[in-house]
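Protein chains: 2
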Amino acid sequence: MLSTTPRTTLGREKQRAATDRAELYEVLDSALICHLGVVRDGHPMVVPTGYGRIGETLYVHGSTGATSLRSGQGAEVCVTVTHVDGIVLARSIFNHSFNYRCAMIYGTARPVTDPDEHLEGLRALSEHLAPGQWDYTRRPTRKELAATSVLALPLEEASVKIRRGAPGDDDADYALPIWAGVLPVVTGFGPPVPDPVLPEGTAVPPHILNRR
Amino acid sequence: MLSTTPRTTLGREKQRAATDRAELYEVLDSALICHLGVVRDGHPMVVPTGYGRIGETLYVHGSTGATSLRSGQGAEVCVTVTHVDGIVLARSIFNHSFNYRCAMIYGTARPVTDPDEHLEGLRALSEHLAPGQWDYTRRPTRKELAATSVLALPLEEASVKIRRGAPGDDDADYALPIWAGVLPVVTGFGPPVPDPVLPEGTAVPPHILNRR
Numbered sequence: 001m002l003s004t005t006p007r008t009t010l011g012r013e014k015q016r017a018a019t020d021r022a023e024l025y026e027v028l029d030s031a032l033i034c035h036l037g038v039v040r041d042g043h044p045m046v047v048p049t050g051y052g053r054i055g056e057t058l059y060v061h062g063s064t065g066a067t068s069l070r071s072g073q074g075a076e077v078c079v080t081v082t083h084v085d086g087i088v089l090a091r092s093i094f095n096h097s098f099n100y101r102c103a104m105i106y107g108t109a110r111p112v113t114d115p116d117e118h119l120e121g122l123r124a125l126s127e128h129l130a131p132g133q134w135d136y137t138r139r140p141t142r143k144e145l146a147a148t149s150v151l152a153l154p155l156e157e158a159s160v161k162i163r164r165g166a167p168g169d170d171d172a173d174y175a176l177p178i179w180a181g182v183l184p185v186v187t188g189f190g191p192p193v194p195d196p197v198l199p200e201g202t203a204v205p206p207h208i209l210n211r212r
Numbered sequence: 001m002l003s004t005t006p007r008t009t010l011g012r013e014k015q016r017a018a019t020d021r022a023e024l025y026e027v028l029d030s031a032l033i034c035h036l037g038v039v040r041d042g043h044p045m046v047v048p049t050g051y052g053r054i055g056e057t058l059y060v061h062g063s064t065g066a067t068s069l070r071s072g073q074g075a076e077v078c079v080t081v082t083h084v085d086g087i088v089l090a091r092s093i094f095n096h097s098f099n100y101r102c103a104m105i106y107g108t109a110r111p112v113t114d115p116d117e118h119l120e121g122l123r124a125l126s127e128h129l130a131p132g133q134w135d136y137t138r139r140p141t142r143k144e145l146a147a148t149s150v151l152a153l154p155l156e157e158a159s160v161k162i163r164r165g166a167p168g169d170d171d172a173d174y175a176l177p178i179w180a181g182v183l184p185v186v187t188g189f190g191p192p193v194p195d196p197v198l199p200e201g202t203a204v205p206p207h208i209l210n211r212r
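Residue numbers (full-length UniProt numbering), protein chains in the order written: chain A, 1 to 212; chain B, 1 to 212.
Here chain A stands alone, though its shape is the one from the complex (with noise of 0.2 angstroms):
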């Protein structure tokens, strides 16, 4: 069951609160970046990032962020994740809406020190991006290593609110001449295209192929 605390209550739209688990790993195993709010000098920031999750623990890159994210301390942090999965086409403009999955993700951001779990972090995160990679391409020396800091964020204090289907009209709007319905938004992967300087015949590896 996912945490219950005043800020993950939806105040709003509460029938779209989901209260898995499962679904909160689905909709952050899924999407390609989140997006990190911070205060920074008293006033809000939100930095689009990369990031990892092992089991119940968010991996994100440190070096975008808080100043106290730099400055080692930990911070507090919201991590959103978004899906749009369609626009929904109501008969009023009122009820106009969009299909999506979104987590929200609160806490405390730690600086990961443990070179261990610096390193499965950094996995976590590259795995996220592209999975098969961190086998088949350079790891990482001990200088890149340095240089890329790591905080991990625990998976507590979530909410996941979600949206799908059909628009929800008013009773009377339903007679008018009007069409509606739902506009799905797709995302997907294009064709991999090589970097111009590759030697050429230089195979598309299959995990990059395949990669959906």
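The set of hints was computed from the structure by calculation and includes no laboratory data.
Think of the CB as a built atom: it goes at the ideal place given N, C-alpha and C, for glycine as much as any other residue.
One or more hints might be untrue.
[What the hints assert, rightly or not] Okay, the calculated bits of chain A under chain B, using three or more residues with CB under 8 angstroms as the criterion: (1) 119–129; (2) 195–209.
[Said to hold, decoys possible] Facing chain A, from chain B, some residues (calculated, C-beta under 10 angstroms): (3) 17; (4) 45; (5) 86; (6) 97; (7) 133; (8) 147.
Dock chain B against the given chain A, drawing on the hints supplied.
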């Protein structure tokens, strides 16, 4: 030209900064949602939401977001709009990246109280979602307007960061027998899905059928 305040001047990857307002508009006008960051009870909160643009002003729904916004006073926000265009697959883990276009806008969100601007803001939100729907579907009633708050954010303090093209690897790594390149991320619309209760034969209007 875009602003160059301390928080819109990139600390890292300066070569990725775009400085043209046209690029800001392009990033904003071609995305579907933004991530709105606010400070709520001292902690960051990031919510996905729709938006629209009229000239130098961004309009977002006010019902999402901070308590301070709902109470009617302006609040510091950060609005981030991100397109993920590709996964950059380098020869080393360290040089992996995303191709992306990202706009960040800082400012004080002003609750819109003028009835004309309120309606124009909603129209911009609606037309951003699906151009043509404002004239095609039922317009908001007075009661619906009262239930929909709109925030205005000036496009004054903004930054745009863009990464395009092939991976940038370390000189020595180009000799490695590793495929490198970009896996494009493609987002588009699927065929419209009619509301199941729609009378048979209701035609999909051209502005939905041809939405790009």
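Problem - Verdict on chain B covering the segment 119–129 of chain A, where coverage means 3 or more residues with a C-beta closer than 8 angstroms - result: holds (count 3)
Handout entry: When the least beta-carbon distance from residue 133 of chain B to chain A is tested against 10 angstroms, hint result
Key = 7 angstroms, holds
Exercise for the section: With a cut-off of 10 angstroms on the beta carbons, see whether residue 147 of chain B makes it to chain A. Expected result: 8 angstroms, holds
Exercise for the section: Double-check residue 97 of chain B for me: the hint is only fine if its C-beta lies closer than 10 angstroms to a C-beta in chain A. Expected result: 9 angstroms, holds
Handout entry: Three-residue Cβ test at 8 angstroms for the coverage of the segment 195–209 of chain A by chain B
Key = holds (count 9)
Practice task
With chain A as the partner, please determine if residue 17 of chain B meets the hint condition of a C-beta pair closer than 10 angstroms.
Solution key: 14 angstroms, violated
Handout entry: Hint check: 10 angstroms Cβ-Cβ cutoff, residue 86 of chain B to chain A
Key = 8 angstroms, holds
Problem - Closest C-beta approach of residue 45 of chain B to chain A relative to 10 angstroms, hint status - result: 5 angstroms, holds
Hint compliance for this structure: hint 3 alone is broken.
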